[in-house]
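Once you've looked at the hints, dock chain L with the ligands against the given chain V.
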Amino acid sequence: MGGFLQAHFDDENATRRQLSEAKMKLPVSRRRLLIGSAAMAVGYVALSTSPAFPAAPAAAASGEALNAKFMRLSNLLINHRLSPAVGARIAEGAAADHKDMAAMMDQIIAIAEQKQARVVEDFFEDIPAGPAKEFAHWVIFAWYSGVSSPKPDAKVFTFEEALTFQTTSDVVTIPSYGLSGPNLWSQATVPLSQMPRF
Amino acid sequence: MVTKNNAEVVVIGTGVVGVLIAEQLLDAGISVLMLEAGPRVSRAEIVENFRNAPLGLKGDTSVSYPPAPWAPHPTGPTGGAHDYLQLSGPDSYAQTYIRYAGGSTWHWAGTSWRLTPEDMRLKSLYGVGRDWAFDYDTLDPFYTRAEYKLGICGPSNPEQQWPRRARLKPYPMPPLPFSPGETRFTQIVKELGYNNIPVSQARNSGMPYDDRPACCANNNCVPVCPVGAKYDAATALGRLEAKGAKILADAVVYKVETNGQNRIEAVHYLDPNKQSHRVAGKLFVIAANGLETPKLLLMSKDDRNPNGIANRSDQVGRNMMDHPQLTLTVTTKEPFWSGVGPVVNSGIMETSQGAFRSEHAGAYFRYNNFARNRFVTFAALKKGLVGKALDEEIRRMTACTADIVAAHEILPHPDNRLTLSDKTDWLGLPKPSIHYDVGDYVRRSAEVYSLPIGKKIAAAMGATDVKISPKFAQSKHIMGGTIMGADAMNSVVDTDCRSHDHDNLFLPGGGAMASTACGNSTITMAALALRSADAIVSQMKGAH
Ligand SMILES: Cc1cc2nc3c(=O)[nH]c(=O)nc-3n(C[C@H](O)[C@H](O)[C@H](O)COP(=O)(O)OP(=O)(O)OC[C@H]3O[C@@H](n4cnc5c(N)ncnc54)[C@H](O)[C@@H]3O)c2cc1C
Ligand code: SF4
Numbered sequence: 244m245g246g247f248l249q250a251h252f253d254d255e256n257a258t259r260r261q262l263s264e265a266k267m268k269l270p271v272s273r274r275r276l277l278i279g280s281a282a283m284a285v286g287y288v289a290l291s292t293s294p295a296f297p298a299a300p301a302a303a304a305s306g307e308a309l310n311a312k313f314m315r316l317s318n319l320l321i322n323h324r325l326s327p328a329v330g331a332r333i334a335e336g337a338a339a340d341h342k343d344m345a346a347m348m349d350q351i352i353a354i355a356e357q358k359q360a361r362v363v364e365d366f367f368e369d370i371p372a373g374p375a376k377e378f379a380h381w382v383i384f385a386w387y388s389g390v391s392s393p394k395p396d397a398k399v400f401t402f403e404e405a406l407t408f409q410t411t412s413d414v415v416t417i418p419s420y421g422l423s424g425p426n427l428w429s430q431a432t433v434p435l436s437q438m439p440r441f
Numbered sequence: 010m011v012t013k014n015n016a017e018v019v020v021i022g023t024g025v026v027g028v029l030i031a032e033q034l035l036d037a038g039i040s041v042l043m044l045e046a047g048p049r050v051s052r053a054e055i056v057e058n059f060r061n062a063p064l065g066l067k068g069d070t071s072v073s074y075p076p077a078p079w080a081p082h083p084t085g086p087t088g089g090a091h092d093y094l095q096l097s098g099p100d101s102y103a104q105t106y107i108r109y110a111g112g113s114t115w116h117w118a119g120t121s122w123r124l125t126p127e128d129m130r131l132k133s134l135y136g137v138g139r140d141w142a143f144d145y146d147t148l149d150p151f152y153t154r155a156e157y158k159l160g161i162c163g164p165s166n167p168e169q170q171w172p173r174r175a176r177l178k179p180y181p182m183p184p185l186p187f188s189p190g191e192t193r194f195t196q197i198v199k200e201l202g203y204n205n206i207p208v209s210q211a212r213n214s215g216m217p218y219d220d221r222p223a224c225c226a227n228n229n230c231v232p233v234c235p236v237g238a239k240y241d242a243a244t245a246l247g248r249l250e251a252k253g254a255k256i257l258a259d260a261v262v263y264k265v266e267t268n269g270q271n272r273i274e275a276v277h278y279l280d281p282n283k284q285s286h287r288v289a290g291k292l293f294v295i296a297a298n299g300l301e302t303p304k305l306l307l308m309s310k311d312d313r314n315p316n317g318i319a320n321r322s323d324q325v326g327r328n329m330m331d332h333p334q335l336t337l338t339v340t341t342k343e344p345f346w347s348g349v350g351p352v353v354n355s356g357i358m359e360t361s362q363g364a365f366r367s368e369h370a371g372a373y374f375r376y377n378n379f380a381r382n383r384f385v386t387f388a389a390l391k392k393g394l395v396g397k398a399l400d401e402e403i404r405r406m407t408a409c410t411a412d413i414v415a416a417h418e419i420l421p422h423p424d425n426r427l428t429l430s431d432k433t434d435w436l437g438l439p440k441p442s443i444h445y446d447v448g449d450y451v452r453r454s455a456e457v458y459s460l461p462i463g464k465k466i467a468a469a470m471g472a473t474d475v476k477i478s479p480k481f482a483q484s485k486h487i488m489g490g491t492i493m494g495a496d497a498m499n500s501v502v503d504t505d506c507r508s509h510d511h512d513n514l515f516l517p518g519g520g521a522m523a524s525t526a527c528g529n530s531t532i533t534m535a536a537l538a539l540r541s542a543d544a545i546v547s548q549m550k551g552a553h
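So the sequences go chain by chain: V and L.
Just so you know, we're using my numbering here: the first sequence kicks off at 244 and counts up by one.
Just so you know, we're using my numbering here: the second sequence kicks off at 10 and counts up by one.
With the rest of the complex left out, here is chain V (with noise of 0.2 Å):
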């Protein structure tokens, strides 16, 4: 095909551009992978109410301990498993529209840490309204959503990996990719009780 899409998407598709970057600026490092999954580990399988990096290691370059502590804030506010990768493209688009994240982050984690939270549902009545409440709702609502807003501009971090399609994982395609092979869906319906594990 003609030179003239890429130009296109380059010129006017800022979504694409900015995915693009952070995939340029994002390569996963051996050690983003270790912390990726102490995260990961941390927040699903027990919460644990100590911090989770006592020692971030001292030579780490800023944007790393930005993403470590959004995971950290991340695996409070949502029950589920999530992936580091997602997470620092959010953390990325976060940065960039709240200058004061760091310390927001830091006031919900107290927070949570005060109440000795598991889940989400122990601590987030807690956190008072104002910018870390909008924060921390901003925050779920990209790992559920997969952008940043609900408008056209919005910045996309995810479509695949967005928890809503984890809610009906067990009946819903998500779109353009295939649930089975040829003619092989056919399914009894399934109650709401039967919330998938994510």
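Think of the hints as simulated: they come from the structure by calculation, not from any bench.
We put the beta carbon where it would ideally sit given N, CA and C, even for glycine.
Among the hints, a few may not be true.
[As the list claims (entries may be wrong)] Stretches of chain V that chain L covers, calculated by requiring three or more beta carbons in the stretch to come under 8 Å of a beta carbon on chain L:
no.: 1; stretch: 347–361
no.: 2; stretch: 392–399
[To be verified] To be clear about the criterion: a stretch of chain V counts as covered by chain L if any three or more of its residues have a C-beta under 8 Å from a C-beta of chain L, and this derived list gives those stretches:
no.: 3; stretch: 329–343
no.: 4; stretch: 404–411
no.: 5; stretch: 414–420
[Claimed, not checked] With beta-carbon atoms standing in for the labels, derived distance ranges:
no.: 6; chain 1: L; residue 1: 86; chain 2: V; residue 2: 343; range: 30 to 36 Å
no.: 7; chain 1: V; residue 1: 396; chain 2: L; residue 2: 266; range: 42 to 48 Å
no.: 8; chain 1: V; residue 1: 359; chain 2: L; residue 2: 54; range: 49 to 55 Å
Positioned in the frame of chain V, the structure of chain L with the ligands alone reads:
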């Protein structure tokens, strides 16, 4: 201006209509040059565009298809060509279509309802609209051929077929399985006396067909089937080239040239560098869709044809039609679950027929089978829930909401008209301007017929809430602008879709349709294309 003359037949447009005709001609040993306004784009790129689009934009089918500057097609507000169609009148003829090689079937749903014999005789039976210039039996063999060409799956049980009359041949493939929501919907409407039957659809069911794989339930037929299990005309382009077709992409035809005998001598196109080229040929087919074809004819007016090409009748661009639709979004207590299998998979067709058609339009009802997460996620999040409550709310809203669509027929009316706007596009060509009013025939149907039925269905589904779209939306089935008829004074093409005014010009497709019925009409366009192709072959072989 360069003159190129390297084919006997020049086909404008590589959509389903152009592609079907081109292949018939190639098979008959006739050389074909295809001129395509838009770029040639890979399926992978279109799928990537869809996946990378923000969730809030995924419902806009044009998002996966950013238009080329030289070949604009209508887009949503952020797509750059929102105002390509200049719309006026009480209703909005807001169409979408795709100007890429392969055309608009890139993002069609593949629903392929045939007309019924009655649909083609509205004037004689009900005193409204127009009769077709031939009957159903004339079209029947072409329907069958079109179904085999596109690969249509459908039921073998005659009770479940549409129309309910003996078929010349069975469907090439069996129907596809229903989603839980479709199964439940079928049971519920049955209790009301309606049959929700498997739709005949252009999708490979249970087997590969036409060198394309079997459908595997990606639920993304609109805007693009990622694997090509749904027929789209782009899947045929390589095969056509292997058979000898020359396909020129990025070639925007802007003028049809006549000679002293008022036959078509050549067409002219602009390339992306705004350079003009002239292409001569013996016979010309304009298959640029029901909207761009009449636009091109009007743009090409000359001294011999002051109203535009093929327009002695003044009917070019008039009688613009579609299937005006209303959607009932219902919230139910029990889960229905859409989003397994194709996006449209069944429908109630019998409500399109009846003596009432002398008074108001019929309607066809369908249960949309789109995965609903994209429609409900923002609303669920807006409730401010977290944790388990949020998960449960998204799951409930995905399972317990559904869209029921009532699609109406519309009558041809000369004032529903496409003209040339004084606004121009990137190449400096006039934008299409369309005045549209669905008319009392449709409005009355909504009032006394379709919405009452829709509400009855919603109630039977156990709806706790029903939201009805406040205005008629378009179904994107563009019809009527080059209408067919026996009388050259009030129609544009004859029964072969040949222009009454120029015997080497064919204008096949939706523009020729004299009535719309209620069902999606591309299969009828395809049947008309094959009928045209036969006529072109015999004309080129000297039989005409
Ligand atoms: C979202 C959506 C869903 C749909 N679902 C269904 C469905 O389920 N069932 C159904 O029956 N129909 C459906 N349709 C309608 C269907 O897509 C069209 O009826 C069908 O594609 C028309 O075929 P065509 O070949 O006439 O035109 P198109 O497919 O539009 O092809 C026309 C071609 O001509 C080219 N062209 C235009 N202008 C020029 C020019 N000046 N010079 C050179 N080339 C030009 C275009 O680029 C294009 O390639 C749907 C449409 C949409 C938008
Ligand atoms: S359901 Fe999936 S595989 Fe089947 S036609 Fe639609 S998009 Fe293609």
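Evaluation of the provided hints:
no.: 1; hint: 347–361; result: violated (count 0)
no.: 2; hint: 392–399; result: holds (count 8)
no.: 3; hint: 329–343; result: violated (count 0)
no.: 4; hint: 404–411; result: holds (count 5)
no.: 5; hint: 414–420; result: holds (count 7)
no.: 6; hint: L:86 with V:343: 30 to 36 Å; result: holds (33 Å)
no.: 7; hint: V:396 with L:266: 42 to 48 Å; result: holds (44 Å)
no.: 8; hint: V:359 with L:54: 49 to 55 Å; result: holds (50 Å)
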